[in-house]
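Trainee: Sequence:
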Amino acid sequence: MTSLKVNSALAATIVLWASAFVGIRYGLTTYSPGSLALLRFIVASFSMAVIYRSMKIKKSVQWMDRLQLLFLGMVGIGLYNICLNYGEMTVSAGMASFIIGLMPVMTIIMSVFFLKEQQGMVVWFGVAVSFLGLFIIILGEQTQVQLSGGVWIIVISAFTGAVYSLMSRHYLQRYHPVAVTSWIIWGGTLMLMMFFPALAGEILQANSQATLAVIYMGVFPAALAYVAWSYVLNHLPASNAAMYLYGLPIVSTLMGFIFLHEMPSLLSFIGGLIALAGAFIANRFRLSQSLKTNHAAIGNISSAKV
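Be aware that the sequence shown starts at 1, since it is given in UniProt numbering, and climbs by one per residue.
If you are wondering where the hints come from, they were derived from the structure by calculation, not from laboratory data.
The calculated SDA-like cross-link candidates involving lysine to any residue, where the alpha carbons are at most 25 Å apart (straight line), are:
#1 K58 - P237
#2 K5 - H176
#3 K59 - L166
Turn these sequences into a full structure, and let the hints steer you where they fit.
Mentor: Next comes the structure, spelled out in structure tokens:
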């Protein structure tokens with residue numbers, strides 16, 4: 001029977017990761033996409049440094065792997081968040097989270113082409129259902145021309161997250177997940193430093209509430225939620241824990257309605273549910289086809305949630 005602590009950590013992870021999509025939308029009322037990403041991950045970098053040091057992880061990351069993780073962070077954190085932030089300028093928090101929910105599906109497709117993994121017919125059925133849902137989301141979101149453009153930018157974000165997920169597996173099998181995540185976040189922050197001149201000008205004129213929202217995203221969804229997720233995976237099988245993450249877009253949509261008064265169109269919401277169902281089918285049957293370690297599952301399912 002799952003303990004109260006594990007259930008609490010699981011619920012906290014879902015709520016914190018869901019809140020990031022809402023926080024981005026709120027932060028964009030004051031900050032440009034690049035400045036928002038940089039401020040968030042400056043805070044996240046310091047947060048992860050404190051967590052990394054306090055955990056006293058015995059096995060240190062080798063220098064060559066550190067360099068590779070820094071580069072991986074430029075893709076999985078830098079490009080991912082730039083695209084996500086630009087996309088959320090026109091796409092609601094809930095719909096953005098549904099689209100990012102397609103990341104495991106993209107990871108499956110990439111693993112077939114680049115790792116030569118074999119997938120069954122049920123997995124491909126789930127992939128097809130997911131992309132049908134994405135098509136419906138696009139139809140529902142293009143009441144204005146720029147909205148469909150925002151959807152495609154977030155699709156690119158999900159693609160970079162899938163690349164990150166695929167490439168991080170090797171390191172997650174060798175090192176502690178917090179160590180891997182720390183170096184990746186630091187790499188992403190280094191890339192985002194190109195927005196420092198813009199941030200320096202914007203932060204002086206920024207709404208204090210928007211700044212607090214960005215700081216919140218750096219501490220909680222980007223750092224503490226990942227520690228909570230690692231705790232969950234130490235007490236639950238990775239495949240079981242991952243199933244709960246499919247409720248994240250629902251929570252994000254609800255939070256967007258409560259805090260931002262965002263109401264997605266009925267067609268978009270239905271498309272999101274269909275896309276999510278397809279991702280669930282594809283990933284569930286994929287997980288059942290082969291044994292996966294907890295660390296690998298972290299990278300496969302949740303690596304880009306930070």
